[in-house]
Each structure stands twice: as C-alpha cells, then as structure tokens.
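Participant: Here are the chains, one letter per residue:
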Amino acid sequence: MFDMAANVHPELIEQLANAGESPVQAVLQLRAAHDQQQIPSPEESAKLADDVLRRVQNEVGRPPIRTNLLRNISSLIVEADPEFLGSLLKQPEVVYAQPNQRRESLFIPPKGKRPA
Amino acid sequence: MANTLEDQLNAYGTAQVIVVLKDAQRVAPAGKPAAALAAAIPVRESRATAANAEPVVMQLSKFFKISETSADSALAAAAKSRKISAAAGLSWYEHAKSASNPTPPARFYPNLGLMLGTVDRQGVQALQAHGQVAQILVPPILSLIRPTAVAAVKPKKQYTWGIKRLKVDKLHKQGITGEGIIVGHLDTGADGKHPALKAAFHAFAEFDDFGFEKTPAPKPWDSDEHGTHTAGTIAGRTRAGYAIGVAPKAKLASAMVIEGGNAIARVLAGMDWVIGQGCRILSMSLGFRGYTDDFLILTQTLRARGVLPVFAVGNEGPGTSRSPGNYAEALSIGASGSNDKVASFSSSREFARPADPRVPDLVAPGVGTISAKPGGGYQQMDGTSMATPHIAGLAALLFQHKPAATIDQVEKAILDSCTLLPGESAQRQNRGIPDAVKALALL
Chain A
1 MFDMAANVHP ELIEQLANAG ESPVQAVLQL RAAHDQQQIP SPEESAKLAD DVLRRVQNEV
61 GRPPIRTNLL RNISSLIVEA DPEFLGSLLK QPEVVYAQPN QRRESLFIPP KGKRPA
Chain B
1 MANTLEDQLN AYGTAQVIVV LKDAQRVAPA GKPAAALAAA IPVRESRATA ANAEPVVMQL
61 SKFFKISETS ADSALAAAAK SRKISAAAGL SWYEHAKSAS NPTPPARFYP NLGLMLGTVD
121 RQGVQALQAH GQVAQILVPP ILSLIRPTAV AAVKPKKQYT WGIKRLKVDK LHKQGITGEG
181 IIVGHLDTGA DGKHPALKAA FHAFAEFDDF GFEKTPAPKP WDSDEHGTHT AGTIAGRTRA
241 GYAIGVAPKA KLASAMVIEG GNAIARVLAG MDWVIGQGCR ILSMSLGFRG YTDDFLILTQ
301 TLRARGVLPV FAVGNEGPGT SRSPGNYAEA LSIGASGSND KVASFSSSRE FARPADPRVP
361 DLVAPGVGTI SAKPGGGYQQ MDGTSMATPH IAGLAALLFQ HKPAATIDQV EKAILDSCTL
421 LPGESAQRQN RGIPDAVKAL ALL
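Line by line, the protein sequences are chains A and B.
The numbering used here numbers the first residue of the first sequence as 1 and each following residue consecutively.
The numbering used here numbers the first residue of the second sequence as 1 and each following residue consecutively.
Take the hints with a grain of salt, since some may be wrong.
To be verified - Straight-line distance between alpha carbons at most 25 Å, and here's what the computed BS3-like set of lysine-lysine pairs gives:
hint, chain 1, residue 1, chain 2, residue 2
1, B, Lys164, A, Lys113
2, B, Lys193, A, Lys113
3, B, Lys170, B, Lys402
4, B, Lys167, B, Lys22
5, A, Lys113, B, Lys341
6, B, Lys249, B, Lys402
7, B, Lys249, B, Lys170
8, B, Lys249, B, Lys22
9, B, Lys193, B, Lys214
10, B, Lys402, B, Lys173
11, B, Lys214, B, Lys198
12, A, Lys113, B, Lys198
Said to hold, decoys possible - Chain A regions said to be covered by chain B (calculated; three or more residues, Cβ under 8 Å):
hint, stretch
13, 57-64
14, 68-78
15, 92-98
16, 104-115
Bear in mind the hints are in silico, worked out from the structure with no lab data behind them.
Glycine included, each C-beta is placed from N, C-alpha and C at the ideal position.
Produce the complete structure using the sequences and hints provided.
Facilitator: Structure (structure tokens):
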C-alpha cells in the first residue's frame, strides 16, 4: 500500500492503512542520506528535519498538523494525514519509523512488593 | 504514692473507689465500648437510662461524698491554679458543695455495672455492708508505658542488602558517593517530597503525548510508585537510618514518561532531555516484550552522546527479554536475590548475533529491594526494575572516581568486576554480579 524507503514498524503501517483521512502520529529517526551510519549532531538533525519536511510539503501541497523535533537524538515526531506521512516515509533521510501510540505498554510491573 | 484504700483513707480521710455492682444491677451492653463510656453519667441523670438499677444506685450514692480529693474537685483545683475559666470547673465544685444544690456524688456506668466516686471511711463500711455491692476497688493509676531505657541516638546507617552485596558501602567509606554526577531516570516520576529524595534532583520534567515538555516544569511527583522506588535506589539520601541510595550524593535528571498511555514520543523526549541535562548514565526500567528494533538507533545515539544506557531485561523469566534491555548496545540487567540466586522471574535469552549474544549482561540485587515509597516511608519491591538502578548508581560512583572515563571504560570495569553466582547457569546470570571495589580498581 505504501512504498517506503524506511524500516517501518508494522503497527504504523496498520495505523496508516486504517486511518482513512484521519491524522496519524509517527516517530521517525533521521540520518543524512549520504551517510546513514553517522549519528547527526543536534544542528544537523535540525537541518535534516527542515529539509525533509519542506520537500514533502512541496510534494503533497500542505503542511503536517504538527511536529516535534528531538534534536539530541535525531528523532522527529510528526502528526499528519496518511498521504503526507506516506510521502515522508519514502524520504531517504528517514531510516526508521514507528507509531507514536502503541498497543503495548513499556511499563515493567514489579513482581512483588511489600512494606519495608 | 499511697494507692491502697486504707492508705488513701489514712492520708486524706477519703478515697476514690470503684464500686462493682452485682450482676443484677448491670444494664445490657449498648454497642461499642465507646457507648459504654458515653453512658458514664452522673447518678442524678441516670434515672431514665437505667431504670432497673435506679433504686440500688440511688441508695448507694448516698454513701459517696463530694470531696476536695475527688477527681472532679482535682480538675476544679487545677483549673483554678491555671486560671482556667471558673465556669469550666471551679464554679461547678463550689456550687456542688452547697447543701441546697447537691451535685451527684458518684457516676454510674450502667453498661459496666460500676459506680465511681469518693467515699470516707464510713461510706466504705456502708458500701461493704450493702447486699448489691460485689467489690470495692481503688481505681488504677494509668500512665504511659515507658521504655526501660532511653538514650539519644544518631540514626545508624542501615545499608540495604543490595548495597552491601555490591560492596558499594566500601566505596562510600572512601568518600565515593556519586557527587557531581547526574543520572538520567525515565520512569513514572519520583516523589520530590520524600525525605530521601527531596535533595536528589538536578531537574525534573514531564512530557505530553507528543513529546512536548510541560511548562512550567512541575515539582517532582510520581504518578505511580515505581519511579520513586527506582530513584531512591539510584540516589536516595540516607534518612531515618535507611541508606537506600547506591550513589547518595548523585543528582537525578528525572522525567515522567510512562504513565497514562503508551506514547513513544514521551520516552524519546525523555531520552533527548536526559542528554541535554548532561547525564552520563540513563537508568530505564522500561521495555517492550520480546525483541524489537524500536529503540536500537536511539540506544546507539545515547552511547554516541556519551550516555551509558542501563536497561532492565524484563521480569518474564528464562527464554524471554525486553527491548531495549536486550540490545547488545545496552548494559542489560537481570535480578538476583540475597540468597545469591538468580530470581526466577528474571528474564534471560540467547540471540544469534556475534556481539553480546546473551542477555542480561549481569545480575544485580532485585529481590526484596528496600527503597522509597511515595508519600514517605519505604517499601520492598522485586524486579529487574529494582536491579537496574543499582547498576546505574554504581556507574555514577565510578564516574565520580574517574570523571574523564568513557562510558565504554565504566561499562567494562563493571562487567569485568563480576563474579559468578555459584550453582547458577551462565545462561541465567551471564557474567554474574558486580563488585564495586573491584570495578573501582579496574577503572
């Protein structure tokens, strides 16, 4: 359904497939297209995000609903319609994508607790 | 102090007594004990309440007398000496003494079948002779049960078993306490009012579901209790005799990322923030079941930014693991008990990868771990979540000792300090349990 360059988590594919025209939230990892082993600096991350969002906006003809760039870890959180995200996932700078909202919790419940 | 009937009569001419009536004069108990006390009413007011006992009680009340040594008069005298309102007691006593307005000389406790009042020697004799009196007692003097010895003490440091097992207390004695080191802590939050934690924060943050930091930054609080416990193990200060913190002078950059939904953006925002806070270590007792790449690039990024990722491996037992605690790039932590056995719940798994195929990398104390409880106090928890902050704290001690050390060097020192737990398989414990003294020497 979506032609994607990135490694995409199956739950995100499922959310995009079922979204219709509703917005979806995705968490992306960015790398420079020419060197995907190198971890970008915060400044490079900002430029990568700016470039890739502008490119997709020009292609789709509208902006995302909102974005949040986590510069220190080169992560870009995007809320957008499925068409915008589908185009974003084709960009060579996007190396991994997963849905923001997950079915499973990360919480590891303790096995037991007692008063001290 | 005189406290027999005879002593009191000899000393004061009167004595306060409890008169136990024979069973026929006892009213059926009414409800809770408090109700019985509430029924301790002056005899004059008892007529309607205990009609069946009335004739006997009224007869006996004649043998009691108002006295300056009675409890009521003592209250009145105390009120006078302390200049308490006369209406509260003294005027009552003065009023009660007047012949024209006889105040009830005794109290009757119908549910108990007792009368309490003051009598002189003649009154005692009359009561003893009365056919409905079972016994005459001197009221016991109630007082606080005091300890047999009291001495001021300075709370003694009571290290948790985990701190002792890792030999971290020996580093504390050398002045290595994590001072100057900031440890990242992503969890359910942490109670900043807890005595062991209130001085432990470098910063606190809370992120919304899209990863935006809430502003103004809230004061540290816990949406659960998991985070307060793990924070206490990393950097809890010694309070009330409990030394719960492995690095009790380290500071926490703690963020609430896990409660109320499963938004990945919150955890990532926490990781991003931890790097910005200048942390050398990230303690994260969180993870998805099984193996997933979702945090792989992020864990590599943490390392590239100089942050040692110390992650829990999971609580699902042998043959299981959680991500990111099962990455080769993470310092993966399982749990052991004070009996030097790997906890049955502690996850462990072998992967078909050349680097670091076995997880966890090591085990640490994670059974019966005493740490902070939200709202004050302490509680024990079991889990690899409890083992993980022990190692994050140990890393903080090593970074304090050698600030220029890289995360690879600190990690290697911890791994190389491990000794195997006897009788446990390599699959379950991998390298075994670290030794803080040895790790310090190896760094």
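Participant: Each of the hints needs a verdict: does it hold here or not?
Facilitator: We went through each hint and held it up to the structure:
1. B/Lys164 <-> A/Lys113: 21 Å, holds
2. B/Lys193 <-> A/Lys113: 21 Å, holds
3. B/Lys170 <-> B/Lys402: At roughly 17 Å apart (the allowed maximum being 25 Å), B/Lys402 and B/Lys170 satisfy the hint.
4. B/Lys167 <-> B/Lys22: 69 Å, violated
5. A/Lys113 <-> B/Lys341: 19 Å, holds
6. B/Lys249 <-> B/Lys402: With a Cα-Cα distance of about 16 Å, the restraint between B/Lys249 and B/Lys402 holds, given a limit of 25 Å.
7. B/Lys249 <-> B/Lys170: Distance of about 15 Å is within 25 Å: holds.
8. B/Lys249 <-> B/Lys22: 69 Å, violated
9. B/Lys193 <-> B/Lys214: It holds: about 20 Å lies between the C-alpha atoms, which stays within 25 Å.
10. B/Lys402 <-> B/Lys173: 17 Å, holds
11. B/Lys214 <-> B/Lys198: 21 Å, holds
12. A/Lys113 <-> B/Lys198: The hint holds at about 23 Å.
13. 57-64: Violated, because only 0 residues of the stretch 57-64 of chain A bring their Cβ atoms closer than 8 Å to Cβ atoms of chain B.
14. 68-78: holds (count 8)
15. 92-98: holds (count 3)
16. 104-115: With 12 residues closer than 8 Å to chain B, the stretch 104-115 of chain A meets the three-residue bar; holds.
Going through the hint list in order, the structure does not satisfy hints 4, 8 and 13.
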